[in-house]
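Here the protein sequences line up with chains A and B, keeping their order. 1 is the number of the first residue of the first sequence in my numbering; add one for each residue after it. 1 is the number of the first residue of the second sequence in my numbering; add one for each residue after it.
FYI, nobody ran anything at the bench for these hints, they're computed from the structure. Computed from a prediction, not measured in an experiment: that's the story for all the values here. Incorrect hints may have been included.
Selected chain A positions facing chain B (in silico; Cβ < 7 Å) [as the list claims (entries may be wrong)]:
{"no.": "1", "residue": "Ile29"}
{"no.": "2", "residue": "Ala48"}
{"no.": "3", "residue": "Lys50"}
{"no.": "4", "residue": "Phe72"}
Backbone N, C-alpha and C fix where the C-beta goes; we use that ideal spot for every residue, glycine too.
For reference, the chains in residue letters:
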Amino acid sequence: MNIKHLTFERIVEVSENPEIIRSEEKLHIENCPVCSKRLVAAGMIAPALKKTPEVDHLVDMSAVEMMADNVFDIVSSQENRKGGFSKERCWLYPESPH
Amino acid sequence: MNRFLGNRLEKQLFCELDDNELVSYAINGSKECWNELVKRYYRMMFATAYRITGGRDTDDVVQEVLIQLFKSLGSFRKEAAFSTFLYRLTVNIACREVKKMTNLSSIVAVGNEVIERMLEGEPSENSSFESLDKDEMEKMIRKALFKISSDMRMYLTLFYVEELTLKEISEIVGSPITTVASRIKKGKVLLLKEMERMA
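Whenever a hint applies, use it, and build me the whole structure from the sequences.
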């Protein structure tokens, strides 16, 4: 058995496209517990990440509208205090006397 | 238009407007349309920020995203989807915040983990996660995701967790598709190496 392990890069490539594996690599993987496990792990990355738990339960939607209101009010007033709106920025206060 | 929206449109009608319409009305001063836009995308912003920051200060990051979004609504050209525009903003701000946090913790604590990694170097050729079963390995993969750099985590998160296409990610990060594909591959390599360190 060739003791030189496959590189991590090669393991990832082979896991994404098993058809590209060369015969000597295949032979090595079949006989090498380190590389075979690495290959299994590489193949599990996509499904494991897809199973990432949702974070919806951490979102407090009741506070979202208040936060949106605050951003609208505070940023608008900051922009107003700066003065000298460009024409493009006048949308914040369409009825202002600019 | 603003007055018309403020006085005439019932709340449920805002839900029927598409993103571009909401942006246009928000630009013209409609707070209701701005609020609807935020409500529509809040979960997406929060989830993306949470996954990039690893849950650290996510609320602050999202608030910063909202502020920057409000300030930059006028620069949204509607050539790309609004969701792409918002993803880009969220990802940029979340990555920036993670870098700030990382720099700060490095200065203050030098990070035990950093020292540990320096001592350990590359994972040993013979070390492996041979003894782990499938569930343990899946958990380890998700845990390792938060140990790699925020940039790499961002690519893996957008591709595998958010399930965006390479094209969508390339629009978000402003890089060619080939670069995105190679970053995802590099991210997977780093993830594997990290798992071996953790095992």
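Here is what the structure says about each hint:
Nearest Cβ of chain B to the Cβ of isoleucine 29 of chain A: about 13 Å, over the 7 Å cut. The hint is violated. Restraint check, alanine 48 of chain A versus chain B: the minimum CB separation of about 4 Å is within 7 Å; hint holds. Checking lysine 50 of chain A against chain B: minimum C-beta separation of about 6 Å stays under 7 Å; hint holds. For phenylalanine 72 of chain A, the interface hint holds, since its Cβ comes within 7 Å of a Cβ in chain B; the closest pair sits about 5 Å apart.
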